[in-house]
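Chemist: Place chains W, L and S on chain F using the hints.
Number of protein chains: 4
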Amino acid sequence: MTLHELQEQVRRFAQERDWEQFHDPKNLSMALAGEAGELLEIFQWLTPAQSAAIMADPARADAVRHELADVLAYLLRLADVLEVDLATALRDKMDLNARRYPVDRSRGRSDKYDTYEN
Amino acid sequence: MTLHELQEQVRRFAQERDWEQFHDPKNLSMALAGEAGELLEIFQWLTPAQSAAIMADPARADAVRHELADVLAYLLRLADVLEVDLATALRDKMDLNARRYPVDRSRGRSDKYDTYEN
Amino acid sequence: MTLHELQEQVRRFAQERDWEQFHDPKNLSMALAGEAGELLEIFQWLTPAQSAAIMADPARADAVRHELADVLAYLLRLADVLEVDLATALRDKMDLNARRYPVDRSRGRSDKYDTYEN
Amino acid sequence: MTLHELQEQVRRFAQERDWEQFHDPKNLSMALAGEAGELLEIFQWLTPAQSAAIMADPARADAVRHELADVLAYLLRLADVLEVDLATALRDKMDLNARRYPVDRSRGRSDKYDTYEN
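Residue numbers (our numbering), protein chains in the order written: chain F, 1 to 118; chain W, 1 to 118; chain L, 1 to 118; chain S, 1 to 118.
None of these hints come from the bench; they were simulated from the model. Check each hint, because a few of them may be wrong.
To be verified - In silico DMTMM-like pairs for lysine to aspartate or glutamate, Cα to Cα no more than 20 Å straight-line:
(1) S:93 - L:8
(2) W:93 - F:95
(3) W:93 - W:80
(4) W:93 - F:62
(5) W:93 - F:16
(6) F:93 - W:57
(7) F:93 - W:5
(8) F:93 - W:8
(9) W:93 - F:8
(10) S:93 - S:83
(11) L:93 - S:95
(12) S:93 - L:57
(13) L:93 - S:5
(14) L:93 - S:62
(15) F:93 - W:83
(16) S:93 - L:62
(17) F:93 - W:16
(18) L:93 - S:8
(19) S:93 - L:5
(20) L:93 - S:83
(21) W:93 - F:92
(22) S:93 - L:16
(23) L:93 - S:16
Next up, chain F with everything else stripped away, as it sits in the complex:
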């Protein structure tokens, strides 16, 4: 399945329900962040080790799959209404990141990730 095929499915789902009127980029950015927040809630009290083993718990595994799907659905819708090609955007961003995080200076360091903006 390509991203475009998935996008087409999600668009059709919205169209059938006349939900496109709600799907402006501002609203969709909120829905995407809301679903990302639900993912956080699954992991928030788990230790890193517990988080790594989460799929062994069937109820939590279902919750994780549902939230990942929700994030993906809104990401696809948002890119769709903005007419952004996600695969191209990802490739371009990875090219940029490759320059920002050269392999030899980034190896095993997370601190380049951090941002301290206010």
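Modeler: Frame of chain F; chains W, L and S shown alone:
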């Protein structure tokens, strides 16, 4: 491009930098939500109409593409470390949503989306 | 009520349940963002005008009050475990913002808020 | 300092810059979640132990204080425009939580926190 091919690219990027040690599901859920938050910041003061026209502004359009790519990258990584097939998860969730939001009772209504949990 | 008095109440609630073990700053930052995500979900499909009138709807008004309280509770806990005085932090940040956003150059402009980091 | 006094300061800051026009509840919920996302980014790659020691690092400590202040500022603004009394909302929510999480059945358990909504 399939999701698996994109996932493979993002995984390789992390492997080359020895970043897999940081990529447990808990941390990745935070990174995903952090990037979703950066998307929000782009749209937060725009009217819905301004948000719909955002790609006409080159600087903002670049920012949008970068943030969408970042959300996608962390979503792919998170699904990868959890061994969740995103396309399957999306199809299953859309089947569930189709039962929850029947076309005839959902048409043009956003209020079924809303959740009022505490 | 001062922030410290509220903080004391929230701390006692956690202590009585032996929840302090879960309340490290990393986990609390996730809980705070998760609650902020629930607030988003209340507003995501509303127009700006509908959002401004939300307290006229009793069910939604309750949901809003609950989510605001949850955000506040986790913010107080997080500041508590980090030993950050919130009132001082706010005053310092407003001093900084006053220099960043001089009245005469910021009047009526939202675009200084925007950040386009990747 | 009471919450109302802090709220008054933040309101005045917005008024002086004619920013009240941007501060509808929808926009403010986005700004609040955006700042919560910036907090996440500070903690996302840290171990729980590193997160607990973060204030020993002066640069990160400043970043933490700034983000906590930003979250507080938007929370105060949001409550202000919604005319919600935050201290009352917190007390009411804690009463509700006390019933939901009775001390004897909640002691040392984080799993009552978890929510598995889709």
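Chemist: Checked against the structure, which of the hints given earlier come out wrong?
Modeler: 2, 11, 15, 20 and 21
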